[in-house]
Amino acid sequence: MASTILEMRDITKTFPGVKALSNVNLSVEEGEIHAIVGENGAGKSTLMKVLSGVYPSGTYDGQIIFRGQECNFKGIHDSEHIGIVIIHQELALVPMLSITENIFLGNEHASYGVIDWDANEARTAALLKKVGLNEDPKTLITNIGVGKQQLVEIAKALSKEVKLLILDEPTASLSEKDSQALLDLLLEFKRQGMTSILISHKLNEVNRVADKVTVIRDGRTIETLPRKDISEDRIITSMVGRSLDDRYPPREPQIGEVIFEVKDWSVYHPIHAERQVIKNVNLNVRKGEVVGIAGLMGAGRTEFAMSLFGRSYGRHITGEVSLHGKPLDLSSVSKAVENRIAYVTEDRKTYGLNLIDHIKHNVTLANLSGVSSRGVIDDMREMSVANDYRKKTNIRASSVYQLTGNLSGGNQQKVVLSKWLFADPEVLILDEPTRGIDVGAKYEIYTIIARLAAEGKAIIVISSEMPELLGITDRIYVMNEGRIVGEMAASDASQEKIMRAIVRGEGKKAS
Amino acid sequence: MSTESAPAPQSGTAEDVKQGPRIAVSALTTNLREYGLIIALIVIMLFFQYTTSGTLFKPVNLSNLVQQNSFIIVMALGMLLVIVAGYIDLSVGSVAGFIGALAAMMMVIWPLGIFSNPLVVSIVCLIVGALIGAAQGYWIAYHKIPSFIVTLAGMLIFRGICQALLGGGSSVGPLPDSFKALSSGFIPDVIGPLTLIPPTVNAAGKTIVGSGLTLHMTTIVLGLIAVLAYAYFGFRTRRKRERHGYEAEPFPLFVIKTLVGSALALFLVFQFASYRGLPVVLLVMGVLISLFVFVTKRMTIGRRIYAMGGNAKAAQLSGINTERLTLLVFINMGVLSALGGLIIAARLGQAVPAAGLGSELDVIAAVFIGGASAMGGVGQVIGAVVGGFIMGVMNNGMSIMGVNVDWQQVVKGLVLLGAVIFDVYNKNKA
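Taken in order, these protein sequences are the chains called Z and Y. So for the first sequence, full-length UniProt numbering puts the first residue at 1; every next one is plus one. So for the second sequence, full-length UniProt numbering puts the first residue at 1; every next one is plus one.
Check each hint, because a few of them may be wrong.
Heads up, simulated DSS-like pairs for lysine-lysine below, C-alpha to C-alpha not over 27 Å straight-line [as the list claims (entries may be wrong)]: (1) LYS297(Y) - LYS391(Z); (2) LYS212(Z) - LYS19(Z); (3) LYS427(Y) - LYS74(Z); (4) LYS335(Z) - LYS313(Y); (5) LYS177(Z) - LYS138(Z); (6) LYS240(Y) - LYS391(Z); (7) LYS313(Y) - LYS349(Z); (8) LYS202(Z) - LYS163(Z); (9) LYS19(Z) - LYS427(Y); (10) LYS228(Z) - LYS190(Z); (11) LYS297(Y) - LYS349(Z); (12) LYS392(Z) - LYS240(Y); (13) LYS412(Y) - LYS427(Y); (14) LYS74(Z) - LYS163(Z); (15) LYS144(Y) - LYS335(Z); (16) LYS177(Z) - LYS349(Z); (17) LYS427(Y) - LYS49(Z); (18) LYS49(Z) - LYS19(Z); (19) LYS58(Y) - LYS180(Y).
Only some residues are given here: those of chain Y computed to face chain Z with a beta carbon under 10 Å [claimed, not checked]: (20) ARG298; (21) ILE301; (22) SER373.
Sample of chain Y residues lacking proximity to chain Z, with all beta carbon distances greater than 10 Å (derived) [what the hints assert, rightly or not]: (23) GLY169; (24) LEU228; (25) ALA265.
No lab work stands behind these hints: they were computed from the structure. All C-beta atoms in this analysis are idealised placements derived from N, C-alpha and C, irrespective of residue type, glycine included.
Turn these sequences into a full structure, and let the hints steer you where they fit.
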């Protein structure tokens, strides 16, 4: 067990003007689960790109030794050939092809270019069994959920005779249940002798499965912790270089009267017209209050928020919304914005940002009238607004002319937040505001939320991370299957209580 | 060097100190493509100036060049917005042909009385163009039919109507002179000509055409006003930025840019003035180009089009009515296609069934040479205009050189491919 399978020595990689990695060392033993943690932009992904040959040999300094041999990869093909397979955060599956077609894409069992589908499908079925996925190999990828797609990616890796499996944020978009299943699978692979590298922001997961943790900060290896020293606090201290005594900023809620209220909100599915997605939801938020909506993935929380925000989701929407006791017309996004409702999406890349444009233009997009008169934009005003929000939300960028596509996840999220803050909302709906961002940026986002609440805004936070909800909200609604199944003050809520509400809700439906 | 006025956050202090020079560098690199394109145009012009032994820059040829290519550039302005918005329009050549036929029928064949007046006809034609744009845009915006398909259908439909209207293969003309002035006219010299060198008089007492130097003073005055305005507004914007504490670009770079731009403009103005003055169509084009630069750079509607092309879903969730915006982009395209059609008819002096045939491809090529992205969200008006001129100068130069039309197409194709490869390569390097 003690033999070293991979050793990366003194890896240094520079981009024009930036040293992304400097003298990074990583040593992975055969048969272990080795976690790599670090803030966004610390250099984890760069290191993995060096390892997998995305940055070919010669573009970096240092040595890679895999199973006793020095490797000089020219591309991904070389590294895959000797058994290093990386599964990226953004899945690389073709949605309109079947599971079999995806697993053997570019690697089909064929003779003279003619594919033997029976052989491929039989092998797929065997691989799916290995990863515990009970689906027909003919199923199209688009018809299965993200959790299952992740498993297909792993099956695809297995099909390549993988010796070292690298998972980059594998649970970032998975529900609690799917994440657990995935981690169990990793442990199962470990029992069978496979080595894996796990890159994750979720320290509880690292805590659960990792044999060793290597912490990377600012392109340098800080330390490698053995199993017995792994604890969340220890890792956080090492990651941020300072101790985060409290992961949530302190705040003293000043809660006023109810300002935002939703009554009997019902929504039907946009395609399957008979399916009711949101069922008679009632909810209210007070001035200066942070209200959480807890629930599992697929509980209907995002659908609820988007149907509220300019009817951006669903059909046959019924119910009433009021602000300060007056009924609100939210029939289009622009009306919602005019009525000072804002929705910060859970998927900032697809729904939040124009990635090919810079920070300045993204920040003002939801409130162009705030920087223009008679349709003519005042460049100076826009510039000072953008700089102002860059400072307020601490966006780390060389200038407001940096493209948002080149920012790290945390900074992108701050740009989306800035956009909605500049629209000056009274009610702010934040959907998974800290998904896929590092501990330091999370703290900054929490601080912004606390500040907004102190300014007297009404805030709704949708989150799948229960500790986060418990840490930053005043009151929590629990949603399941499109229904509110529980409501509790954050002070006497707990993860168990929330889970119990969800399970009870499911029980109710069954009876 | 940093002139940031507001206090910087603690963590970003080190970054902000370096911000001044960094902005200067980024101003240069972000504009590199625009400068590069203009430099490419100048190099191409000098090349043809050399290979055509000086014919290219002759005043009469410059006038021809503008008159031959103006309709491409006018339509490229609309096409830029269409492509930036994330769509394509294949119907513009056919719409231009149809509008030309409609205009000719109204002015020459149909008994419309005072409604056959060229001005009335032109206005009616522009309105018809808007309706065509609206009809196509409606399906694209509100029913999400791919623009490629809708406008491919439009291309067939309007070419067919154009030919049917003209009754098969025949052409309709001649068109009234006052209408033809749109393309082949020159602005009147309200100030009066200035003779610098009197023309040579031959033995028979007649002046030799082309000898001497008489300047069209109205053109000179308009040119001077334009150049002064360009320098003044450039300087004012710069001052304003500095007053607000933002570094624009290094002062020497600004001076060089302004001087080179002004010198080029004055040279062209002088060439036009020594012939018959500014072509009317150049004036129309200049006004439209300024308008579209302003709309895309300074107006909220322009900003919204870029945002929609960059990420339509994000734009929609930011409160932008993407459907209406799409419709407007196609209405605009329809109006400019109609104007293009009028310009073609005015230049030919008649409506022919093949008018504008294939020009949609030249228009699209101009926009892509100008640096627009086929994915939407990226592209500049000036880029499209320069792209149009690059195509035009190549057409013109190669024709003078006597290059076969077939080979002209090959060269144009290579230039289009080269420009886009250059773009993609640059983007990957960045």
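Please work out if LYS212(Z) and LYS19(Z) have their alpha carbons no farther apart than 27 Å. 26 Å, holds
Do the alpha carbons of LYS19(Z) and LYS427(Y) lie within 27 Å of each other, as the hint requires? Given that 27 Å is the threshold and the Cα spacing comes to 21 Å, the pair holds.
Straight-line alpha-carbon gap LYS412(Y) to LYS427(Y), limit 27 Å: Holds. LYS412(Y) to LYS427(Y) sits at ~23 Å (cutoff 27 Å).
Hint check: LYS58(Y) vs LYS180(Y), CA-CA at most 27 Å. Holds or violated? Given pair LYS58(Y), LYS180(Y) holds - Cα atoms ~23 Å apart, limit 27 Å.
Closest CB of chain Z to the CB of LEU228(Y) still more than 10 Å away: LEU228(Y) clear of chain Z: closest Cβ-Cβ about 22 Å, beyond 10 Å.
Holds or violated: LYS427(Y) to LYS74(Z), with C-alpha atoms at most 27 Å apart: Holds, at about 22 Å.
Verify the proposed pairing of LYS427(Y) with LYS49(Z), using a straight-line Cα cut of 27 Å. 20 Å, holds
The output says ALA265(Y) does not contact chain Z. Does that hold with a beta carbon cutoff of 10 Å? 24 Å, holds
Given the hint that LYS144(Y) pairs with LYS335(Z), does the C-alpha gap stay at or below 27 Å? Holds: LYS144(Y) and LYS335(Z) sit about 23 Å apart, inside 27 Å.
Holds or violated: LYS335(Z) and LYS313(Y), Cα atoms, limit 27 Å. 17 Å, holds
Verify the proposed pairing of LYS313(Y) with LYS349(Z), using a straight-line Cα cut of 27 Å. Distance ~10 Å between LYS313(Y) and LYS349(Z) Cα, so the pair holds.
Do the numbers back the hint for SER373(Y), that is, is its least Cβ distance to chain Z under 10 Å? 8 Å, holds
Violation of the numbered hints given earlier is absent; every hint is satisfied by the structure.
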